[in-house]
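Asks: Residue numbers (the working numbering), protein chains in the order written: chain A, 1 to 278; chain B, 1 to 359; chain C, 1 to 286.
Because the hints were derived from the structure by calculation, they are not lab data. Please read all numbers here as calculations on a predicted model, not as lab measurements. Even for Gly, the Cβ is constructed at its ideal location relative to N, Cα and C. A couple of the hints might just be wrong.
Unchecked claim - DEER-style ranges, computed between Cβ atoms:
no. : chain 1 : residue 1 : chain 2 : residue 2 : range
1   : B       : 335       : C       : 191       : 38 to 46 Å
2   : A       : 224       : C       : 91        : 25 to 33 Å
3   : A       : 221       : C       : 40        : 18 to 26 Å
4   : C       : 25        : A       : 224       : 46 to 54 Å
5   : C       : 197       : A       : 224       : 48 to 56 Å
Given next are the chains, with one letter for each unit.
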Amino acid sequence: MSSLSSARLGRSIALHLFLTPLALIWLFPLWMMVVFSTMPDNGIFSPGIELLPHGNFMDNFNNLQRDTDFVGAIGISVSVAVTYTFLSVLLTSMAGWALARYRFVGKGVVVAIILGTITLPYAVVLIPQFIMVARDFKLANTWVALIVPPLFNSLGVLFMRQSFSMMPDDLFDAARVEGVKEWRIFLFVALPLARPMLAALAIILFLASWNNYLWPLLINSQPGSMTAPVALGTLIGLTKVSWGGIMAGAVMLTVPMLVVFVLLQRHFIAGIAAGAIK
Amino acid sequence: MATVTLNNVIKRFGVFEVVHGANIDVKDGEFVVFVGPSGCGKSTLLRMIAGLEDISGGEIAIGGKLVNDVEPADRGIAMVFQSYALYPHMSVEQNLSFGLRMTGNPKADTDRRVKRASEILRINELMKRRPRQLSGGQRQRVAIGRAIVREPQVFLFDEPLSNLDAELRVQMRVEISRLHKELGTTMIYVTHDQTEAMTLADRIVVMRAGHIEQIGRPLDLYDNPDNQFVAGFVGSPKMNFISGRIVGHDVHGVVVELAGQEKTRIAQPLTGAAPEAGSKVMVGVRPEHFGSAGEGDTDLVVRIDVVEHLGGTSFLYARTANGDDVVIQRDAANVPDASEITVSVRKSYLFDEKGLRLR
Amino acid sequence: MRYQNATAYRFLAPYLLIFAIFWVWPIIDSFMISFQATRTVPWRFAPTFNWGRLIGDPAFFNALKNTLLILVIQVPVMITLALVMAVLLNSPLLKARGLYRFAFFAPVVVGEVAYSAVFRLMFNLNFGIINKLLNSVGLPSVDWFSNVTPAMALIMIAVTWRWAGYNAIILLAGMQSIPEDVYEAATLDRVSKLRQFFFITLPLLKPVIVFCLVLSIIGTMQLFTEPFLITERGGPGGGTETLGLLLYRQGFRSLNFGYASAVAYTMAGLAIAITLVQLWLTREPK
Chain A
1 MSSLSSARLG
11 RSIALHLFLT
21 PLALIWLFPL
31 WMMVVFSTMP
41 DNGIFSPGIE
51 LLPHGNFMDN
61 FNNLQRDTDF
71 VGAIGISVSV
81 AVTYTFLSVL
91 LTSMAGWALA
101 RYRFVGKGVV
111 VAIILGTITL
121 PYAVVLIPQF
131 IMVARDFKLA
141 NTWVALIVPP
151 LFNSLGVLFM
161 RQSFSMMPDD
171 LFDAARVEGV
181 KEWRIFLFVA
191 LPLARPMLAA
201 LAIILFLASW
211 NNYLWPLLIN
221 SQPGSMTAPV
231 ALGTLIGLTK
241 VSWGGIMAGA
251 VMLTVPMLVV
261 FVLLQRHFIA
271 GIAAGAIK
Chain B
1 MATVTLNNVI
11 KRFGVFEVVH
21 GANIDVKDGE
31 FVVFVGPSGC
41 GKSTLLRMIA
51 GLEDISGGEI
61 AIGGKLVNDV
71 EPADRGIAMV
81 FQSYALYPHM
91 SVEQNLSFGL
101 RMTGNPKADT
111 DRRVKRASEI
121 LRINELMKRR
131 PRQLSGGQRQ
141 RVAIGRAIVR
151 EPQVFLFDEP
161 LSNLDAELRV
171 QMRVEISRLH
181 KELGTTMIYV
191 THDQTEAMTL
201 ADRIVVMRAG
211 HIEQIGRPLD
221 LYDNPDNQFV
231 AGFVGSPKMN
241 FISGRIVGHD
251 VHGVVVELAG
261 QEKTRIAQPL
271 TGAAPEAGSK
281 VMVGVRPEHF
291 GSAGEGDTDL
301 VVRIDVVEHL
311 GGTSFLYART
321 ANGDDVVIQR
331 DAANVPDASE
341 ITVSVRKSYL
351 FDEKGLRLR
Chain C
1 MRYQNATAYR
11 FLAPYLLIFA
21 IFWVWPIIDS
31 FMISFQATRT
41 VPWRFAPTFN
51 WGRLIGDPAF
61 FNALKNTLLI
71 LVIQVPVMIT
81 LALVMAVLLN
91 SPLLKARGLY
101 RFAFFAPVVV
111 GEVAYSAVFR
121 LMFNLNFGII
131 NKLLNSVGLP
141 SVDWFSNVTP
151 AMALIMIAVT
161 WRWAGYNAII
171 LLAGMQSIPE
181 DVYEAATLDR
191 VSKLRQFFFI
201 TLPLLKPVIV
211 FCLVLSIIGT
221 MQLFTEPFLI
231 TERGGPGGGT
241 ETLGLLLYRQ
251 GFRSLNFGYA
261 SAVAYTMAGL
271 AIAITLVQLW
281 LTREPK
């Protein structure tokens, strides 16, 4: 018995000896992001090794705000992400509900399309989408341009379809026998029961919108209509720019999401894992 | 209250026909039980009456009105589901009132109906609780309560007791019987448990593989089954089937020789045409219809494998010389000690090779 | 269940409408644009204009080569690493599991722009912490941005850091859905942990691994932000230029939509080929 547990102890020590350095390496860029954001520019570009935070965050932030209207951009990012998340959760859960709960003509086709678009590179639709939104609809540099095109979301629909189809049939039949209309069954029975799944989906969608870069970069490139990542991205590569300020911006983009991640880790992981696990 | 009439009702899933033309007449206020093994189509039939499944052929009428194309909610029915189907995010009270609230029933009337249902089922104490805070039996009551508040013309029950443990099942069975007496409403009840069917039903519909095998009052089915399936399905322990062969006729009727026991013969009066000599038949004997040697018209030698003592009665699990298993019911005081005994057959049924009753 | 066409399509309508406008039409349009000369006004139909140019364009082949190189090296390394992370995070011997999970999963929430900026700073030639650390253990500085090989390595390191944890989450969930009693039975049969991994975990996890592979390949194939921001528009001298970057430059810098569409369809063709391989790999044995 004792040899068995000492073997386990040995394995446990080996496990931690391997995993701890790996974890530290993985945390290192995030840690350095925080460190950089608190260092003055001349400190960042100096020969010494600095691994601990300084007290310069507010100065850096002011420099950032001088280089670009980052606060305004954060405002746009938050508003867009909130609106997008609400609309997308609604649309994807409605579609997922229909696919999970009704027999209808053309269901196979709809499911095939959704599965097909998962593996289709976004690049294929990028250019015509841009031409259409910018030239034909004249919606460049508006919120609509940021919110509406990404509303088509295949993984979200599949996730909600899966969630709804795991609920017992009887629950909805019971309401049907009582004469409750389908949209009320969806609203008052299905959605409340799907709350954990909706939370997971909402977090993932919010994060996707918050971090989205390529589409906002293309469609909302005017100062005053840029999202925060785009505004920050325009500074990278400029010569006369405060890198401490860029890092302060990176921290402002990242830390709130890390907090959400820690608080809602279970939902987060459920949302990501749902893509693959049937 | 209403009648329910099924006229040649057919259900197909794609090319598979799962109900092959069902004809049933449920009278006003009657308690009818659909019973059969799983997959026999009884639940499908119930769901068609409820309107949850399309009707592929035939007609269903409730209260004399054709309902084939009527929405479930407009058929005057209420349904109790096997899984209870309580909304987990609502209190008992909200569960009971949900349907009425959603369909715009006046609030005062909704409150009255909920109150009445809770009194009938004695669940007043539970109104503020959530389903997960309830025991199995309490959930079952709430599920029934949700049907009661609809004040339906017909109650439909889909295996409502199969999630309960044995003791609770007996208790709820009595409860449902009482409810039927109290409300006097037509009830249609689906189960795979023949005991439930026997104890609850005014009439039983026995189904197998999408066919109705027999419809009748419980004791009629028991005493007078139309075929081997019904005979075997109704009654517990099951009727014994011993293979045999027709050897001729005498004054009492047709004479059957039991397989492997040339000397053991059973004579059975038949009103219909008797099959010719030599044709194979099944002899059905209920466990309680075996007597001591000499009590009946036939004596049969069996070898006892196991004896189960239940207290008042005992069951002897035995085997005939031909290898047919038989169960024999005896009073506890009358259990023999020997491993091989002779029993008599007091009453028996004959079935032809297709399983149809010979009478 | 009954057929409920009208109800079903009412629930699907908004979603399908967005799909029709912002996906179906662009997919068709993009295909048609790829056959047009788009730098003349008005655009004219010239079927071989873009595709002909593509076949002879060294910039395209450079981008294709770089993209495939990153794909072939980075994706297997990352998936292997993710598998190691998932297995170790799943170990019952692990203490303080939450901390390790946080370490590996945290990059999932970090935006491309934020982490690209950090990596640029960290890998800076003279003042970057990476070179400082290399020097402190006696190694020479690496010029990550001026030479092609280190620049490609940097891109791969950055992408791996950002996405390994993401794949580990999916793989871990897959492992946790394998019933415990399979392992208990194997342990009773004296099958070692290592063999359990190779003969139970891996085969049962195959569909999930293939799913991760395909998502990663398609993601990496469209790689844009990292070479755009970290190595400064695909530098040095196109050394880290990817198909995604080529498409961006052609489409949105040179406004050559026709040529960019042809590049996009090349990517789509690759994606379809990879999907077919996936279907073949995960097909049910007959």
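Asks: Each of the hints needs a verdict: does it hold here or not?
Replies: Consistency of the hints with the structure:
Checking the proposed 38 to 46 Å range against residue 335(B) and residue 191(C) shows it is violated: the Cβ atoms sit about 52 Å from each other. Restraint check, residue 224(A) to residue 91(C): a C-beta distance of roughly 51 Å breaks the suggested window 25 to 33 Å. Residue 221(A) and residue 40(C) have their C-beta atoms about 25 Å apart, which keeps the hinted 18 to 26 Å range intact. Distance hint check: the CB atoms of residue 25(C) and residue 224(A) are about 30 Å apart, inconsistent with the given range 46 to 54 Å.
Against the hinted window of 48 to 56 Å, the Cβ-Cβ separation of residue 197(C) and residue 224(A) comes to about 55 Å, which satisfies the hint.
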